[in-house]
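Asks: Position 283 of the sequence shown, counted from 1, bears residue number 285 in the working numbering, the numbering being contiguous throughout.
These are computed hints drawn from the structure, not numbers from a lab.
Computed from a predicted structure; not experimentally measured.
Heads up, a few of these hints could be off.
Unchecked claim - Label-pair distances were calculated between CB atoms; the ranges are: (1) S295 - W330: 44 to 54 angstroms; (2) W128 - H101: 20 to 30 angstroms; (3) M165 - A243: 20 to 30 angstroms.
Stated by the list, open to error - With a Cα cut of at most 30 angstroms, we get these calculated DSSO-like pairs of lysine-lysine: (4) K279 - K118; (5) K215 - K124; (6) K279 - K93; (7) K124 - K279; (8) K279 - K198; (9) K118 - K198; (10) K198 - K124; (11) K118 - K215.
The C-beta atom is built at its ideal place from N, Cα and C for all residues, glycine as well.
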Amino acid sequence: MSLARAIGAQKDPTAAWQHEANRVTLPQLDGATACPRPNTIGTIYVQHEYLALGEEQLALWSAAGEAAASPHQAQAEEESAAAAATEFLLKESEGQVRHAHEDHQHALRTLNHHVKRSSGAKLRYWLGMPVLWFGDTGGVWAAAVMNGDVVYIALFLALASGMAGVCSGLAGAELRTIRLTRARQQARDQLSEDEKRYHQLFAGPGGGTGILKLIGLMSLAVVGLIALGVGTLRASVDGQAAGLTFGMLAAATALASGLLSYSAADDVADLLDALAKRVRRAEARHLQLASSSPLRLRAAGQAVAQSIEKEYALRGQAAAEHMEALAWRIQVRNPAVLGHGFPAGEQGGVIGRRPRRGGVA
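Given only the sequences and the hints, what does the whole structure look like? Please build it.
Replies: Encoded structure:
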């Protein structure tokens with residue numbers, strides 16, 4: 003239909019229909035001498051035509067909305083499989099987050115009063131260990147360079163020596179752990195139901211004291227060797243006094259790492275920290291899955307498609323209502339045939355009502 007094509011070519015599709023309605027005239031057979039609508043006139047053909055055009059507008063706008071929404075629907079369908087898999091993982095991740103929180107809260111309620119490490123000990127440990135490591139490294143490196151070694155080779159040797167000095171102090175952590183374990187030691191039947199879940203923390207140190215003594219002796223040997231090496235190197239360059247001084251400083255640095263490890267050691271606090279870290283990791287993974295691209299793209303595509311379909315459906319409804327209004331406009335412009343209105347006592351608007359479309363009386 004040429005008029006339908008004209009509608010598609012104009013920005014305001016109702017303007018063409020209004021222009022067409024203005025041109026509609028009904029041939030006058032007998033002049034209407036009364037203002038009311040004659041009872042002999044039923045629903046005129048033009049009304050049926052414009053009601054059908056209204057239905058056409060609904061279908062046209064619905065089709066246009068479907069066409070406009072189809073790219074977004076296709077995008078949502080493309081992400082459907084990946085989004086479904088992500089939803090499955092998200093559901094599993096939700097359970098992991100819940101269990102991680104439950105385990106952490108249970109451990110806090112049960113074991114928190116067994117924590118002996120001070121609040122700043124862990125931070126002090128992580129700040130102090132690098133300082134001690136680089137302090138030992140600096141002493142060995144300076145002595146090696148002053149003795150004539152190649153700078154880069156001396157640096158690597160000094161780093162290894164400094165790490166050895168720091169590791170020698172890890173025996174202090176084992177000593178603290180044994181002491182705390184002995185203080186908590188209880189028989190299994192003396193533990194509460196909640197504490198039985200962590201019975202290994204109350205079982206005592208067990209055996210292995212001989213191995214611990216061996217590790218302690220090895221740590222002292224490492225301290226002695228570092229002190230002797232640094233002292234000998236500095237003594238060969240700056241004399242015995244400087245060698246003795248720097249050797250003692252190297253030994254003190256290594257021993258200080260043992261004291262630092264001792265102050266920070268607490269197996270119960272470490273367990274609580276590990277559970278808290280597990281909670282943070284589970285939450286981070288859950289948030290990462292929740293914000294993954296497949297879920298976002300599918301949701302965005304569906305939302306945009308639904309919005310477009312709703313918009314075009316409303317536009318179609320408005321266009322259909324406008325067709326109905328134009329049908330009434332034709333009657334208004336032809337009072338000589340149809341009168342100026344309905345007779346008194348008759349409800350107006352029954353002719354051409356949209357609910358009766360297709361079966362107008």
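Asks: Does each hint fit the structure? Answer for all of them.
Replies: Each hint tested on the structure:
1. Taking the beta carbon of each, S295 and W330 are about 52 angstroms apart, inside 44 to 54 angstroms as hinted.
2. Hint check: W128 to H101, Cβ distance near 29 angstroms, so the stated range 20 to 30 angstroms holds.
3. Taking the beta carbon of each, M165 and A243 are about 28 angstroms apart, inside 20 to 30 angstroms as hinted.
4. Pair hint K279 plus K118 holds up; C-alpha atoms about 19 angstroms apart against a cutoff of 30 angstroms.
5. Under the criterion of a C-alpha separation no larger than 30 angstroms, the hint pairing K215 with K124 is consistent with the structure, at around 25 angstroms.
6. Distance hint between K279 and K93 is fulfilled; the C-alpha atoms sit about 21 angstroms from each other, no more than 30 angstroms.
7. Restraint check for K124 and K279: satisfied, since their Cα atoms lie roughly 15 angstroms apart, inside the 30 angstroms limit.
8. Between K279 and K198 the CA atoms are separated by roughly 23 angstroms; this keeps the pair inside 30 angstroms, and the hint holds.
9. Note on K118 and K198: the hinted pairing holds, with a Cα-Cα distance of about 20 angstroms set against a maximum of 30 angstroms.
10. Proximity of K198 to K124 is assessed by CA-CA distance (about 27 angstroms); at most 30 angstroms being required, the pair is judged to hold.
11. About 24 angstroms separates the Cα atoms of K118 and K215, which keeps this hinted pair within 30 angstroms; it holds.
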